[in-house]
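Protein chains in written order, with numbering that gives the first Met the number 0: chain A, 0 to 219; chain B, 0 to 219; chain C, 0 to 219; chain D, 0 to 219.
Hints were generated in silico from the structure; no laboratory data involved.
Just so you know, not all the hints are guaranteed correct.
Any copy will do: because identical chains look the same in the list, a pair fits if it lies in one copy or spans two.
[What the hints assert, rightly or not] Straight-line alpha carbon distances no greater than 35 Å define the calculated DSBU-like cross-link-like pairs of lysine-lysine that follow: (1) K37 <-> K174; (2) K37 <-> K75; (3) K174 <-> K75.
4 protein chains.
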Amino acid sequence: MSLFERLKADAGPQWSDYTRHEFVQQLGAGTLPLSCFKHYLVQDYLFLIQFARAYALGVYKSPSVADMRQSLDGVKAILDDELDLHVEMCRSWGMERDMIEEAPEDTPTMAYTRFVLDAGMAGDLLDLQAALAPCVIGYAEIGARLAAEGCDTDGNPYARWIREYASEGYQELAKGFIAWLDGTAGQTLTEHRYPRVLSIFEKACRLESDFWQMGLNAQD
Amino acid sequence: MSLFERLKADAGPQWSDYTRHEFVQQLGAGTLPLSCFKHYLVQDYLFLIQFARAYALGVYKSPSVADMRQSLDGVKAILDDELDLHVEMCRSWGMERDMIEEAPEDTPTMAYTRFVLDAGMAGDLLDLQAALAPCVIGYAEIGARLAAEGCDTDGNPYARWIREYASEGYQELAKGFIAWLDGTAGQTLTEHRYPRVLSIFEKACRLESDFWQMGLNAQD
Amino acid sequence: MSLFERLKADAGPQWSDYTRHEFVQQLGAGTLPLSCFKHYLVQDYLFLIQFARAYALGVYKSPSVADMRQSLDGVKAILDDELDLHVEMCRSWGMERDMIEEAPEDTPTMAYTRFVLDAGMAGDLLDLQAALAPCVIGYAEIGARLAAEGCDTDGNPYARWIREYASEGYQELAKGFIAWLDGTAGQTLTEHRYPRVLSIFEKACRLESDFWQMGLNAQD
Amino acid sequence: MSLFERLKADAGPQWSDYTRHEFVQQLGAGTLPLSCFKHYLVQDYLFLIQFARAYALGVYKSPSVADMRQSLDGVKAILDDELDLHVEMCRSWGMERDMIEEAPEDTPTMAYTRFVLDAGMAGDLLDLQAALAPCVIGYAEIGARLAAEGCDTDGNPYARWIREYASEGYQELAKGFIAWLDGTAGQTLTEHRYPRVLSIFEKACRLESDFWQMGLNAQD
Numbered sequence: 000m001s002l003f004e005r006l007k008a009d010a011g012p013q014w015s016d017y018t019r020h021e022f023v024q025q026l027g028a029g030t031l032p033l034s035c036f037k038h039y040l041v042q043d044y045l046f047l048i049q050f051a052r053a054y055a056l057g058v059y060k061s062p063s064v065a066d067m068r069q070s071l072d073g074v075k076a077i078l079d080d081e082l083d084l085h086v087e088m089c090r091s092w093g094m095e096r097d098m099i100e101e102a103p104e105d106t107p108t109m110a111y112t113r114f115v116l117d118a119g120m121a122g123d124l125l126d127l128q129a130a131l132a133p134c135v136i137g138y139a140e141i142g143a144r145l146a147a148e149g150c151d152t153d154g155n156p157y158a159r160w161i162r163e164y165a166s167e168g169y170q171e172l173a174k175g176f177i178a179w180l181d182g183t184a185g186q187t188l189t190e191h192r193y194p195r196v197l198s199i200f201e202k203a204c205r206l207e208s209d210f211w212q213m214g215l216n217a218q219d
Numbered sequence: 000m001s002l003f004e005r006l007k008a009d010a011g012p013q014w015s016d017y018t019r020h021e022f023v024q025q026l027g028a029g030t031l032p033l034s035c036f037k038h039y040l041v042q043d044y045l046f047l048i049q050f051a052r053a054y055a056l057g058v059y060k061s062p063s064v065a066d067m068r069q070s071l072d073g074v075k076a077i078l079d080d081e082l083d084l085h086v087e088m089c090r091s092w093g094m095e096r097d098m099i100e101e102a103p104e105d106t107p108t109m110a111y112t113r114f115v116l117d118a119g120m121a122g123d124l125l126d127l128q129a130a131l132a133p134c135v136i137g138y139a140e141i142g143a144r145l146a147a148e149g150c151d152t153d154g155n156p157y158a159r160w161i162r163e164y165a166s167e168g169y170q171e172l173a174k175g176f177i178a179w180l181d182g183t184a185g186q187t188l189t190e191h192r193y194p195r196v197l198s199i200f201e202k203a204c205r206l207e208s209d210f211w212q213m214g215l216n217a218q219d
Numbered sequence: 000m001s002l003f004e005r006l007k008a009d010a011g012p013q014w015s016d017y018t019r020h021e022f023v024q025q026l027g028a029g030t031l032p033l034s035c036f037k038h039y040l041v042q043d044y045l046f047l048i049q050f051a052r053a054y055a056l057g058v059y060k061s062p063s064v065a066d067m068r069q070s071l072d073g074v075k076a077i078l079d080d081e082l083d084l085h086v087e088m089c090r091s092w093g094m095e096r097d098m099i100e101e102a103p104e105d106t107p108t109m110a111y112t113r114f115v116l117d118a119g120m121a122g123d124l125l126d127l128q129a130a131l132a133p134c135v136i137g138y139a140e141i142g143a144r145l146a147a148e149g150c151d152t153d154g155n156p157y158a159r160w161i162r163e164y165a166s167e168g169y170q171e172l173a174k175g176f177i178a179w180l181d182g183t184a185g186q187t188l189t190e191h192r193y194p195r196v197l198s199i200f201e202k203a204c205r206l207e208s209d210f211w212q213m214g215l216n217a218q219d
Numbered sequence: 000m001s002l003f004e005r006l007k008a009d010a011g012p013q014w015s016d017y018t019r020h021e022f023v024q025q026l027g028a029g030t031l032p033l034s035c036f037k038h039y040l041v042q043d044y045l046f047l048i049q050f051a052r053a054y055a056l057g058v059y060k061s062p063s064v065a066d067m068r069q070s071l072d073g074v075k076a077i078l079d080d081e082l083d084l085h086v087e088m089c090r091s092w093g094m095e096r097d098m099i100e101e102a103p104e105d106t107p108t109m110a111y112t113r114f115v116l117d118a119g120m121a122g123d124l125l126d127l128q129a130a131l132a133p134c135v136i137g138y139a140e141i142g143a144r145l146a147a148e149g150c151d152t153d154g155n156p157y158a159r160w161i162r163e164y165a166s167e168g169y170q171e172l173a174k175g176f177i178a179w180l181d182g183t184a185g186q187t188l189t190e191h192r193y194p195r196v197l198s199i200f201e202k203a204c205r206l207e208s209d210f211w212q213m214g215l216n217a218q219d
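Could you put the whole structure together from the sequences, leaning on the hints where they help?
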């Protein structure tokens with residue numbers, strides 16, 4: 000069993016709460032209030048900036064050039080592509096770049112991102128990966144499930160979001176992350192250490208749920 | 000005007016929301032539900048462990064031996080004294096050490112502490128101090144005010160808490176911190192940089208308010 | 000006067016010792032023993048890996064997305080291009096990738112790179128830039144001078160090295176770095192702080208000289 | 000076999016080069032030129048300041064309060080005691096505090112200390128401990144051996160140094176460090192990871208040898 004499969008099984012309730020959060024269900028059904036989605040999207044932009052810092056930390060913490068390159072791909076994906084995509088998506092919902100960049104970070108945004116950064120700085124690459132995993136892999140699982148359930152129809156105002164994370168490109172990225180995580184675990188994970196890694200993973204899942212909840216709370 | 004006075008003035012609403020939060024008012028009036036206080040106290044224990052890490056980071060980041068010693072005092076205060084005091088205070092309210100140490104960290108606890116740690120790691124000593132300041136100095140201001148208002152009478156179940164932070168020892172510690180912060184600012188603060196330092200301070204105030212609110216939300 | 004010009008003037012002897020080191024003079028004259036150059040080249044490969052980590056640290060430490068992108072360019076330049084160029088250059092002198100990657104780091108290599116990483120982690124972005132500056136900018140100055148002196152003739156076995164650093168591409172990169180450094184200084188440098196920044200710059204120059212000397216000492 | 004015993008065995012030549020370095024032998028025989036010892040002592044003072052930062056990093060990186068306290072002991076030992084002892088020892092050889100604090104750091108001093116700090120920051124607590132180990136434990140072994148060989152007689156001008164590290168207090172401190180290292184290894188060491196930990200230990204031994212050599216090179 001891969002480390003990811005084991006973490007997901009042992010953090011079953013937290014994983015389920017996160018990946019099947021009411022925000023996700025309403026997004027899939029197309030019933031999510033637009034104000035909730037817009038609030039989420041802006042916070043997700045601020046979130047991504049911190050995630051780029053976390054991947055950069057991965058480059059700093061990598062014990063090999065191959066690991067450095069894997070982390071670098073994460074930084075590039077965000078700084079070279081995703082931020083612009085987000086701005087574009089925001090614009091299609093009527094929000095300008097300034098509004099996004101000057102929005103204050105909500106507590107759940109700070110909580111999750113700074114937790115990842117600190118877990119990674121205090122520990123080693125495996126700790127950082129465990130903290131990043133729920134976001135990277137969870138979004139792929141959510142996207143794939145919603146697409147499989149047929150939620151990405153043109154009638155759903157959030158179809159584009161679903162298609163993005165259900166896309167082959169994103170699915171491959173998540174698979175690559177799982178392989179990278181498992182590779183690191185194969186080198187550095189011990190049974191004594193496992194509970195600590197699980198704790199990081201569980202906390203990150205919980206902080207993801209809080210992030211969705213922040214979106215849901217933004218109903219006008 | 001000292002940097003602290005300036006920050007407090009410019010972050011007026013955030014400082015006021017934090018230091019006069021409903022949790023604080025009810026604590027002063029003795030009307031705070033015990034369940035709220037107990038929840039706060041346990042989370043504050045977990046908070047202190049992270050704050051000891053933040054002061055240790057201060058030792059690492061200090062540009063002089065004098066700064067290292069100042070930061071070290073913060074680590075010692077927590078690891079040598081405050082944690083035990085907290086356990087003792089918790090015990091007087093019927094909570095055992097195990098209950099405290101095994102309690103899961105709430106989101107607001109993680110948000111504030113990891114924000115401080117990351118702001119300090121990403122920036123320099125001044126950034127770290129600006130992130131620590133609301134906690135260290137705010138508690139002194141709250142304690143002094145509640146004591147001045149006569150809230151620390153024996154009839155108030157939270158009198159001990161108020162006396163602790165109104166005590167000469169704690170007031171001196173906070174004054175020392177203000178002097179240390181101002182000393183660092185005198186060396187490294189520019190007007191261009193000030194908005195960033197203010198932003199760190201404001202966020203930390205906001206995260207303190209969220210921390211009180213977490214306590215208030217824990218009403219049975 | 001730009002910060003770089005000021006640093007270079009105030010660290011005059013260290014800058015001169017570094018940029019006009021005997022290793023450099025012999026390289027320009029084409030009289031440098033091949034064993035010295037090969038030793039240098041292998042250590043420079045190991046050096047670059049650590050410099051990629053330092054630029055990644057710059058992404059982590061950047062206060063704005065624009066700064067993050069500037070730092071990211073440094074990481075990309077090394078991991079996407081320079082390492083391969085180095086391997087190719089080494090191969091043209093008969094060294095295989097394995098020989099390079101498995102070579103032990105010499106003390107001067109560790110001294111310079113770890114000094115940069117620690118100065119950057121302990122301080123803020125300006126401290127990191129000041130530690131990186133002698134390498135980035137010094138190589139451009141050395142390359143331009145040697146080319147201007149006509150050292151990059153086909154008769155010089157080290158002409159390719161000189162042309163690389165005299166090239167318009169590298170000269171532009173160095174100019175961009177100076178502008179970036181000055182931009183950060185414009186926001187965060189105070190007169191009180193200047194001596195600390197100068198000290199970082201001077202130490203980095205000295206550690207560069209030690210790095211050249213390591214090459215010179217490798218004469219068969 | 001404890002991790003330390005294993006590391007010492009596998010890094011046999013590096014350990015022997017370090018603990019039986021010519022500087023150490025001459026110090027034991029009392030024939031070490033005073034200029035060498037004085038140069039070493041001043042650099043060791045600057046070294047200790049960085050080691051206090053490294054132990055503080057240990058507090059930051061500790062996964063438990065018990066580990067935090069163990070690291071804190073290291074910070075306290077240096078900042079509360081050893082620095083003053085060093086100044087006093089220097090004074091007995093005619094060097095004033097100013098001379099010591101304003102002395103420039105030599106390359107080997109920077110190399111070793113910044114290597115430790117970066118290895119610890121990039122990795123986890125075990126990596127930091129492996130980097131610290133040669134210094135903490137090696138000095139105890141050297142002190143004990145020289146004392147057992149009768150080198151700490153009153154006729155030896157360096158007897159005080161030998162007695163300090165042969166003392167029961169220091170021997171206990173080193174034993175405590177070994178136990179702490181082994182405790183961490185018991186939780187987080189895997190066979191796949193062992194070569195990386197060994198590499199850190201070997202490099203640290205080599206950098207210790209370079210540190211002794213720096214002293215030896217300071218002969219008038």
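Evaluated hints:
1. In the homo-oligomer, the alpha carbons of K37 and K174 lie at most 35 Å apart inside one protomer (28 Å), although the nearest pairing across protomers, at 41 Å, exceeds that limit.
2. For the identical chains of this complex, K37 and K75 are neighbours both inside a copy (25 Å) and across copies (33 Å), given an alpha-carbon limit of 35 Å.
3. Both within a single protomer and between protomers do K174 and K75 lie at most 35 Å apart by alpha-carbon distance, with minima of 18 Å and 23 Å respectively.
No hint from the list above goes unmet by this structure.
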